[in-house]
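Chains as they are written, first to last, in our numbering: chain A, 1 to 464; chain B, 1 to 382.
If you're looking for bench data, these hints aren't it; they were derived computationally from the structure. Be a bit skeptical, because a hint or two may be false.
Label pairs and their calculated CB-CB ranges [what the hints assert, rightly or not]:
#	chain 1	residue 1	chain 2	residue 2	range
1	B	ARG96	A	ARG336	44 to 54 Å
2	A	GLU428	B	GLY94	50 to 60 Å
3	A	ARG336	B	ARG334	52 to 62 Å
Every residue gets a Cβ at the ideal spot worked out from N, C-alpha and C, and that includes glycine.
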Amino acid sequence: MSEDEYHAGLPGHADFILPQPAAPKPLNGKRPIPMPDPPPAARRPRRRPQAAAAAPTEKHEAAEPASDDSHDGPPPARKPTNRRRAASGGSARTPSTRKPAGTPEPAPAEPAPAEPARSDSEAVPESAQPEPDAIRPEPAQPEPVQPEAVQPEPETRPETVQAEPGVIRPEPAVVAEPGGELHPVDVWDQRIARGLAFLRRRLAGAYEVDEFGYDPELTAAVFHPMLRVLYRDWFRTEVFGIENVADSGGGLVVGNHSGTLALDALMLTTALRDQHPRERHLRLLGADLVFRMPVLSELARKAGATVACNPDAERLMSDGELVGVFPEGFKGIGKRYSERYKLQRFGRGGFVSAALRTGTPIVPVAIVGAEEIYPILADLKPLARLLGIPYFPVTPTFPWLGPLGLVPLPSKWMIEFCPPIPTAHLTEYADDPLVVYNLADQVRETIQATLYSLLEKRPDPFGR
Amino acid sequence: MVSSEVAAPPRVVVVTGVSRFLGARVASRLAADPRIERVVGLDPHDPPPALAGLLTDVEQIRADARAATAAIAELNAEAVVHLAVTSAPDPHHGGRAAMKEQNVIGTMQLLAAAQGAGRLRKLVVRSSTAAYGASFRDPAVFTEDTEPRAVPRGSFARDILDIEGYVRGFRRRRPEVSATVLRFAPFLSQTAETTLTRYFSQPVVPTVLGRDARLQFVHVDDALEILHRSVVEDHPGTFNVAGAGVLALSQAVRRAGRISVPLPEGTLSTVAAVARNMGVGEIGLDQIDLFVHGRVVDTAKLVKEFGFAPRSTAAVFDDFIQGHRNGSSLTADRLAAAEQAILDSIRRVRAAAAGSPGDPGDPSGWAGSPGDPADEREAAKS
Numbered sequence: 001m002s003e004d005e006y007h008a009g010l011p012g013h014a015d016f017i018l019p020q021p022a023a024p025k026p027l028n029g030k031r032p033i034p035m036p037d038p039p040p041a042a043r044r045p046r047r048r049p050q051a052a053a054a055a056p057t058e059k060h061e062a063a064e065p066a067s068d069d070s071h072d073g074p075p076p077a078r079k080p081t082n083r084r085r086a087a088s089g090g091s092a093r094t095p096s097t098r099k100p101a102g103t104p105e106p107a108p109a110e111p112a113p114a115e116p117a118r119s120d121s122e123a124v125p126e127s128a129q130p131e132p133d134a135i136r137p138e139p140a141q142p143e144p145v146q147p148e149a150v151q152p153e154p155e156t157r158p159e160t161v162q163a164e165p166g167v168i169r170p171e172p173a174v175v176a177e178p179g180g181e182l183h184p185v186d187v188w189d190q191r192i193a194r195g196l197a198f199l200r201r202r203l204a205g206a207y208e209v210d211e212f213g214y215d216p217e218l219t220a221a222v223f224h225p226m227l228r229v230l231y232r233d234w235f236r237t238e239v240f241g242i243e244n245v246a247d248s249g250g251g252l253v254v255g256n257h258s259g260t261l262a263l264d265a266l267m268l269t270t271a272l273r274d275q276h277p278r279e280r281h282l283r284l285l286g287a288d289l290v291f292r293m294p295v296l297s298e299l300a301r302k303a304g305a306t307v308a309c310n311p312d313a314e315r316l317m318s319d320g321e322l323v324g325v326f327p328e329g330f331k332g333i334g335k336r337y338s339e340r341y342k343l344q345r346f347g348r349g350g351f352v353s354a355a356l357r358t359g360t361p362i363v364p365v366a367i368v369g370a371e372e373i374y375p376i377l378a379d380l381k382p383l384a385r386l387l388g389i390p391y392f393p394v395t396p397t398f399p400w401l402g403p404l405g406l407v408p409l410p411s412k413w414m415i416e417f418c419p420p421i422p423t424a425h426l427t428e429y430a431d432d433p434l435v436v437y438n439l440a441d442q443v444r445e446t447i448q449a450t451l452y453s454l455l456e457k458r459p460d461p462f463g464r
Numbered sequence: 001m002v003s004s005e006v007a008a009p010p011r012v013v014v015v016t017g018v019s020r021f022l023g024a025r026v027a028s029r030l031a032a033d034p035r036i037e038r039v040v041g042l043d044p045h046d047p048p049p050a051l052a053g054l055l056t057d058v059e060q061i062r063a064d065a066r067a068a069t070a071a072i073a074e075l076n077a078e079a080v081v082h083l084a085v086t087s088a089p090d091p092h093h094g095g096r097a098a099m100k101e102q103n104v105i106g107t108m109q110l111l112a113a114a115q116g117a118g119r120l121r122k123l124v125v126r127s128s129t130a131a132y133g134a135s136f137r138d139p140a141v142f143t144e145d146t147e148p149r150a151v152p153r154g155s156f157a158r159d160i161l162d163i164e165g166y167v168r169g170f171r172r173r174r175p176e177v178s179a180t181v182l183r184f185a186p187f188l189s190q191t192a193e194t195t196l197t198r199y200f201s202q203p204v205v206p207t208v209l210g211r212d213a214r215l216q217f218v219h220v221d222d223a224l225e226i227l228h229r230s231v232v233e234d235h236p237g238t239f240n241v242a243g244a245g246v247l248a249l250s251q252a253v254r255r256a257g258r259i260s261v262p263l264p265e266g267t268l269s270t271v272a273a274v275a276r277n278m279g280v281g282e283i284g285l286d287q288i289d290l291f292v293h294g295r296v297v298d299t300a301k302l303v304k305e306f307g308f309a310p311r312s313t314a315a316v317f318d319d320f321i322q323g324h325r326n327g328s329s330l331t332a333d334r335l336a337a338a339e340q341a342i343l344d345s346i347r348r349v350r351a352a353a354a355g356s357p358g359d360p361g362d363p364s365g366w367a368g369s370p371g372d373p374a375d376e377r378e379a380a381k382s
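Work out the full structure: start from the sequences and follow the hints.
This is the structure we're talking about:
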């Protein structure tokens, strides 16, 4: 059957064929279709029947939004331009599918099941899309057919409707191709404006910094999005027990430390920001080595960290901030891989006395996954002493691959917040070494037990 | 501290360092207070003509601290306000040697004289937040009882530690004298001239690479108010005096519309030393320590005791910027204009890019307001 024959027979087909190709229309298009522009030769024959439909196209344009309205708000806004495009360029594309669809039966059958998600199938629905555009008006032409053409429409509706919700995002992309940059521009224009305003605020110094140097704007706009990629896509972090972190008020989050570089602290911060309903920001307490290094100290302060000392911890906690501390310190992050998930000594329990003095609840947290990111096989002590750092790690990748060795292995992370330990009733014991030591021990035991239970949940360190 | 007698303002006040910005102003304010009968200015130098007008009501004794013993005893001074503390060596007046002579030896002699003055009830000493030193293990916020972890490198900071040491000795020996030590953050105002104001007035400001110090300032007017209150009222103890809030150094440079040039710490020290020798810059180790470590103090004790809160650091800095407009290149206005220009040009370029292949029939164009899509939707619906 030739194209012309096919189109001559269209009104008849329209009854039940056309609605089906209409279905995938809104679905397709994560990306603009690479315009399978048919050779002009192929375009000609298609044009001719279209030419007949040219006038209807106009009519259809007017009619179309009305039909679109029924299901969704935003799409109609974009569609008018889309349509105009589809009428000229889109219809030109149709023949490519028309040809396989030479027999009318397979044609409708094919696009209907086509899954919009698959990119290769996109070509089919997309090129099928103009079909309704171009053709629906055609039934409109011969008056008598109209009622029949209307009948299938309801059939289409439900399909489109159910597709629509998912479409909201792809939609602009669909438009992006035929409509030029017309529509995404609204998004991009806003993004550019927002980016420029951010840049201007930064350059003019029009932002606030707290007395510890924490810069909330920079953290939210730059640090957090970067860390979140690592947190979500690289480490696939799972978080449990986030409800154990209070919505407001001070808290001391005590975790196990591991992983050669203190990525676990950063991931814990990201987890709290990402998962907690109040997006609480964790104020980390860092070793003074961090604050000795030029660039690192600046970044750490801007991200809300401060030196691990009791005055700062107590000030933050009495201000109602969430403070994160890793009492193992360098003993924790610098331990060998063979020692993994074995908690080290908890220092002198200074963190407990700070919590007791301010009556702040202690939230033990177990972090599984950091041990595998840079497994330490050996520690070159003399070199470390020479460089003035606490340890010099040798990992399977580190000194050998140079800077590439800094890429963490993609282990699977799990973070579990344990129920808080109240300390408000122990305030007067802040200077009692026995109480402090026992409480530190209780925190340590809790973390160790939680670590083991998490490890059972995660049989394969690099799974999923 | 003691009795009702102390609560009354002192009748005779001796102020040191009246030839300088702060001293002259404090003395003139005290002289204007009707409760104080006599204000005597003690200074080895004549005040410059600009300050002389302030000192018309102040009796001036041109003598150094060596002669203070006789003066304080003769005058029956009831209060001594010690402001003759220099924060930076002045190459025209003897440099560092003269600075140390004045700060350390001067304080020692003045306090010795004060110790022997029987009628003395009150001592007010100007100190500085530099007393907290500079160390990487310092807490972020200093309270008055924080001890410095190491002897600082800067000459001024070391002098301050010495001065405070002498005051501690004086307090031990004359416990009935109410001694107030005020640790001031760096002064700023529209008109004040200090090392820091000159630093921030440069068009290009050198900073330390990889460090962003947290700074606090105090307005000169607030400092005067605090000094005045500590003379006429009774506030024994040591107090931090600073504006609430914090500015990062980079932020301050940006707000002033200056351009910062981050230099590695070593290079900055060298450059500063060379510049000092050539007599151009005056960035000393004090400033470098400040720019590396930053310095933030807790002023809760001051606010509680004096019932007066100095204006915030950000407000002080704004006031300073008002008086130092020329020399700034990246002002907020210019940045806003640049932002608008870039935004417009991007819109124009994109309009052109979209317009050429696109249909000319599209009426509104997308470059308009974000309200466009909504309008289109409206149009579509109707």
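For each hint, the structure was consulted:
At about 53 Å, the beta-carbon gap between ARG96(B) and ARG336(A) stays in the expected band of 44 to 54 Å. Evaluation of the 50 to 60 Å hint for GLU428(A) and GLY94(B) yields a pass: the beta carbon distance comes to about 56 Å. For ARG336(A) paired with ARG334(B), a C-beta distance near 56 Å keeps the hint of 52 to 62 Å intact.
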